[in-house]
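Protein chains: 2
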Amino acid sequence: MAHYKHILLAADFSDHGHHVANKAKELAVANQAQLSIVHIVDNLPITDATYGPIIPFDGDLSEQIMEAARKRISTLAEKLDIVEDKQWVEVGSPKFEIVRIADENEIDLIVVGSHGRHGLALLLGSTANGVLHNAHCDVLAVRLKND
Amino acid sequence: MAHYKHILLAADFSDHGHHVANKAKELAVANQAQLSIVHIVDNLPITDATYGPIIPFDGDLSEQIMEAARKRISTLAEKLDIVEDKQWVEVGSPKFEIVRIADENEIDLIVVGSHGRHGLALLLGSTANGVLHNAHCDVLAVRLKND
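Top line first, the protein sequences correspond to chains A and B. FYI, this note's numbering numbers position 73 of the first sequence as 73, with every residue one higher than the one before it. FYI, this note's numbering numbers position 119 of the second sequence as 1119, with every residue one higher than the one before it.
Hint data in this document are derived by calculation from the structure and do not stem from the laboratory. Just so you know, not all the hints are guaranteed correct.
To be verified - Capping the alpha-carbon separation at 20 Å, the derived lysine to any residue pairs in SDA-like fashion look like this:
| hint | chain 1 | residue 1 | chain 2 | residue 2 |
| --- | --- | --- | --- | --- |
| 1 | A | Lys5 | A | Lys23 |
| 2 | A | Lys145 | B | Lys1145 |
| 3 | A | Lys79 | A | Asn134 |
| 4 | A | Lys25 | B | Lys1005 |
| 5 | A | Lys145 | B | His1003 |
| 6 | A | Lys5 | A | Arg100 |
| 7 | B | Lys1145 | A | Asn105 |
| 8 | B | Lys1145 | B | Asn1134 |
| 9 | B | Lys1023 | A | Val29 |
| 10 | B | Lys1023 | A | Asp85 |
| 11 | A | Lys23 | A | Asp42 |
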């Protein structure tokens, strides 16, 4: 299909994330494409009236979260036969970081889970939506069920 | 790839629409899937201060627009080997009509062109974005270049 050469799976570790991962893998096989994986640890600031308007996560907590994310990505990547230098864990705004990594690695298809338009997804804007708006390549939004 | 069975091409007749159409066709072939096509004539009301807040297109004009859309869909469908009963031209809000037709026809992948986040697309919200928010199936947003 469509001759994609380098597919990027934007992994989010939600309950239905394996469904998205499987689709990305199937696509990579069908296209004989390179498959890469990225997970973005959302850089949500913690606000505390005592110390000022915005305080980022403290260093230790950040490092623990990153370490946990790296382990989960590594486990998932192993299942999908993705080598280590095609795995990225970054901190920041998911939509911008995913698009940046796609641009830097000549990705031609981003595969991302798509949540329904309600609850937090509606309030914050979903990652799929943000990626769609900003990407310079094709985006496959895989619908998550029971969501 | 991903075993899609019924793919819906949301055709918009933009300059780069053939690029989206070709991807939809390639996907259908690769998946041995049924390919269907829909075009929505956007139901933009015309406002006129003399007659009141909102006046829809008059009947003749609507019919001319629909007839022109049907001809373009028919020409495109022929190129893509889509039979007549898998072609739809409807009037309404693209995002809702595309999703309605997808639901009614057990579509499992909608293929839609994706414009950049600027100009009118930013102001009005793009069709791709609206479809992504509302669809109950996967959505492939094909990036339109030079846009």
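- Broken hints, numbered, in rising order? Hints 2, 3, 8, 10, 11 not satisfied by this model.
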